[in-house]
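The task is simple: from the sequences and hints, build the whole structure.
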Amino acid sequence: MAIEKVTEDKIREVLHEHLTPSAHITTPERLFGRGQSLTQIDRALNSSGRHVFVHGDRGVGKTSLALTAAYLEQPTASEPIYVVCSETTTFPDLIAAIGREAVPLSERFEADGTPRELSAQAFGFGAGYKQRGAPSIAIPSPADMNQAIDIVRFVRERRGAGTVIVIDELERVRSDETKSQLAEFSNSLSSTVQDVKFIFCGIGSTVDALLGAHRSAFRKIETIPLNRLRHNELWRIIETVSTKLGVEVDRETLIRIGQLSDGFPHYVHLIGESMFWAAFDDDKTVKRLAARHYEAGVKGALERTEAEHKSAYQKATQKSKNTFDYEMALWAMADKSDTRRALDSIYENSYKAIVRRLPLEDEIAPLARERFNQRLHNLRKESHGEVLINHGSGWFSFRENIMRGYVRLVAENRGVNLAKEHYIPE
Numbered sequence: 028m029a030i031e032k033v034t035e036d037k038i039r040e041v042l043h044e045h046l047t048p049s050a051h052i053t054t055p056e057r058l059f060g061r062g063q064s065l066t067q068i069d070r071a072l073n074s075s076g077r078h079v080f081v082h083g084d085r086g087v088g089k090t091s092l093a094l095t096a097a098y099l100e101q102p103t104a105s106e107p108i109y110v111v112c113s114e115t116t117t118f119p120d121l122i123a124a125i126g127r128e129a130v131p132l133s134e135r136f137e138a139d140g141t142p143r144e145l146s147a148q149a150f151g152f153g154a155g156y157k158q159r160g161a162p163s164i165a166i167p168s169p170a171d172m173n174q175a176i177d178i179v180r181f182v183r184e185r186r187g188a189g190t191v192i193v194i195d196e197l198e199r200v201r202s203d204e205t206k207s208q209l210a211e212f213s214n215s216l217s218s219t220v221q222d223v224k225f226i227f228c229g230i231g232s233t234v235d236a237l238l239g240a241h242r243s244a245f246r247k248i249e250t251i252p253l254n255r256l257r258h259n260e261l262w263r264i265i266e267t268v269s270t271k272l273g274v275e276v277d278r279e280t281l282i283r284i285g286q287l288s289d290g291f292p293h294y295v296h297l298i299g300e301s302m303f304w305a306a307f308d309d310d311k312t313v314k315r316l317a318a319r320h321y322e323a324g325v326k327g328a329l330e331r332t333e334a335e336h337k338s339a340y341q342k343a344t345q346k347s348k349n350t351f352d353y354e355m356a357l358w359a360m361a362d363k364s365d366t367r368r369a370l371d372s373i374y375e376n377s378y379k380a381i382v383r384r385l386p387l388e389d390e391i392a393p394l395a396r397e398r399f400n401q402r403l404h405n406l407r408k409e410s411h412g413e414v415l416i417n418h419g420s421g422w423f424s425f426r427e428n429i430m431r432g433y434v435r436l437v438a439e440n441r442g443v444n445l446a447k448e449h450y451i452p453e
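Here the sequence shown is numbered in the numbering used here, starting from 28 and rising by one per residue.
Hints were generated in silico from the structure; no laboratory data involved.
Just so you know, not all the hints are guaranteed correct.
Unchecked claim - Taking lysine-lysine pairs in the PhoX-like style, the calculated list, with each CA pair at most 20 Å apart, reads:
#1 K363 to K271
#2 K408 to K337
#3 K342 to K408
#4 K271 to K37
#5 K247 to K32
#6 K337 to K326
#7 K379 to K363
#8 K32 to K314
Said to hold, decoys possible - What follows is a list of derived Cβ distance ranges for each label pair:
#9 A318 to A104: 45 to 53 Å
#10 D308 to T250: 41 to 49 Å
#11 S207 to E35: 49 to 57 Å
#12 S218 to L99: 24 to 32 Å
#13 S218 to D277: 51 to 59 Å
#14 G62 to S218: 29 to 37 Å
#15 S168 to K408: 38 to 46 Å
#16 S113 to G442: 35 to 43 Å
#17 D222 to R39: 35 to 43 Å
#18 E31 to S133: 21 to 29 Å
#19 Y98 to T250: 17 to 25 Å
#20 E44 to E322: 24 to 32 Å
Virtual Cβ for every residue (Gly too), placed ideally from N, Cα, C.
Given below as structure tokens:
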């Protein structure tokens, strides 16, 4: 118990409440920096027949925003409905899943005998379900758009007017037919079932990339592009925990956490959780976090980050030879927060500076420009995991921006500080 007056039960309670790297946020007091987006969603859903589409980078907090908004907008005692897409999701499967979520588990799985089912005769405007023996309910996949709309009506009857439905991970849908049906569905909802609200979520820079060029549907959908959080908004996550635990976190530590996380709250939660546990486990009483606690936070975040990021980094860099060259190229690419970077800047402003900052045991001679260019271009290839994209004329970006934060964690853990520029709030 190295944090004064903080028991293990206390720190568990505080970290469980405020640092959730593996769980979504559903309450506004924990959703830092998204007040304006919540207001925009609230006003959009207040408009009859209007729905919402939240889109942005992986890990930026789309699902947390959508769920928080859904819980705020849900007018009844029941929870909002939440369904997730997969690569094999079809439109009928998705609508049937929404219908099933309106039925308690006990009515779906616990009853014996033949289930009740929405029969073919039951479909039609205002229809419900009819009993076929036992008290459990099965929701069939709709055969057409009218039946899909009827399932939404069934949800409204079960959950009440104003029910909010969140459809997440739309970027995983591969079928153009499914995308087209979803666009038609969202368009039809606006004129048929206006008192059930939908919030769609997906990774992408535009809604067109997620639903295709179905412009008629977009007129009924409020698009909410979600950007990365500013540094001072990320700091509030850490400061909330430090205040509750009665331990001080210095400004430099907050700045470095902001720089490493690159605007993605996921990394702040990971670093913070390991950092505060390190302080709690310290042999000495801790009133102010020290460098060793921050370093433990970085190491812990690196060990506990998502497996796909580790795998992508290893595939990009772990070769029979030249592994460190590829790591250095990735570190140079991650040194700035610009979405796209020019090759000249990557080499001259980042790579050369990183070589000069290497720890003594890693000191190397810098690669010649031509050899460095080759390494960077190879990182676009399938054999290197395609972690980078070349936009032509010497401009590069990460395929997924969240990867930049992982690269920064790796470099930081190896004694190389990246992204030293930072935002200072006024």
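Evaluation of the provided hints:
1. A C-alpha spacing of about 33 Å is found between K363 and K271, which places the hinted pair above 20 Å, so the restraint is violated.
2. Distance restraint check for K408 and K337: the Cα-Cα separation of roughly 18 Å lies within the 20 Å cut-off, and the hinted pair is therefore satisfied.
3. Between K342 and K408, the direct Cα distance comes to roughly 11 Å. Compliance with the 20 Å bound is thereby established for this hinted pair.
4. Between K271 and K37 the CA atoms are separated by roughly 9 Å; this keeps the pair inside 20 Å, and the hint holds.
5. Between K247 and K32 the alpha-carbon distance is near 54 Å, which puts this suggested pair outside the 20 Å criterion.
6. Note on K337 and K326: the hinted pairing holds, with a Cα-Cα distance of about 13 Å set against a maximum of 20 Å.
7. Only pairs whose Cα atoms come within 20 Å are accepted, and K379 paired with K363 is accepted, the gap being roughly 14 Å.
8. Distance check on the hinted pair: K32 and K314 sit about 11 Å apart at the alpha-carbon level, within 20 Å; holds.
9. At roughly 49 Å, the beta carbons of A318 and A104 sit within the given window of 45 to 53 Å.
10. Separated by about 45 Å at the C-beta atoms, D308 and T250 satisfy the suggested range of 41 to 49 Å.
11. Range check, S207 to E35: Cβ separation about 54 Å, and the 49 to 57 Å hint holds.
12. For the pair S218 and L99, the supplied restraint of 24 to 32 Å holds, since their beta-carbon distance comes to about 26 Å.
13. At about 57 Å, the beta-carbon gap between S218 and D277 stays in the expected band of 51 to 59 Å.
14. About 32 Å separates the C-beta atoms of G62 and S218, a value consistent with the hinted range of 29 to 37 Å.
15. Between S168 and K408 the CB atoms are about 41 Å apart, so this pair conforms to the stated range of 38 to 46 Å.
16. Between S113 and G442, the C-beta spacing of about 41 Å keeps the proposed range 35 to 43 Å intact.
17. Separated by about 42 Å at the C-beta atoms, D222 and R39 satisfy the suggested range of 35 to 43 Å.
18. For the pair E31 and S133, the beta carbons lie near 48 Å from each other, so the given range of 21 to 29 Å is not met.
19. For the hinted restraint 17 to 25 Å between Y98 and T250, the CB-CB distance of approximately 21 Å keeps it satisfied.
20. Range check, E44 to E322: Cβ separation about 25 Å, and the 24 to 32 Å hint holds.
Checked against the numbered hints above, the structure violates hints 1, 5 and 18; every other hint is satisfied.
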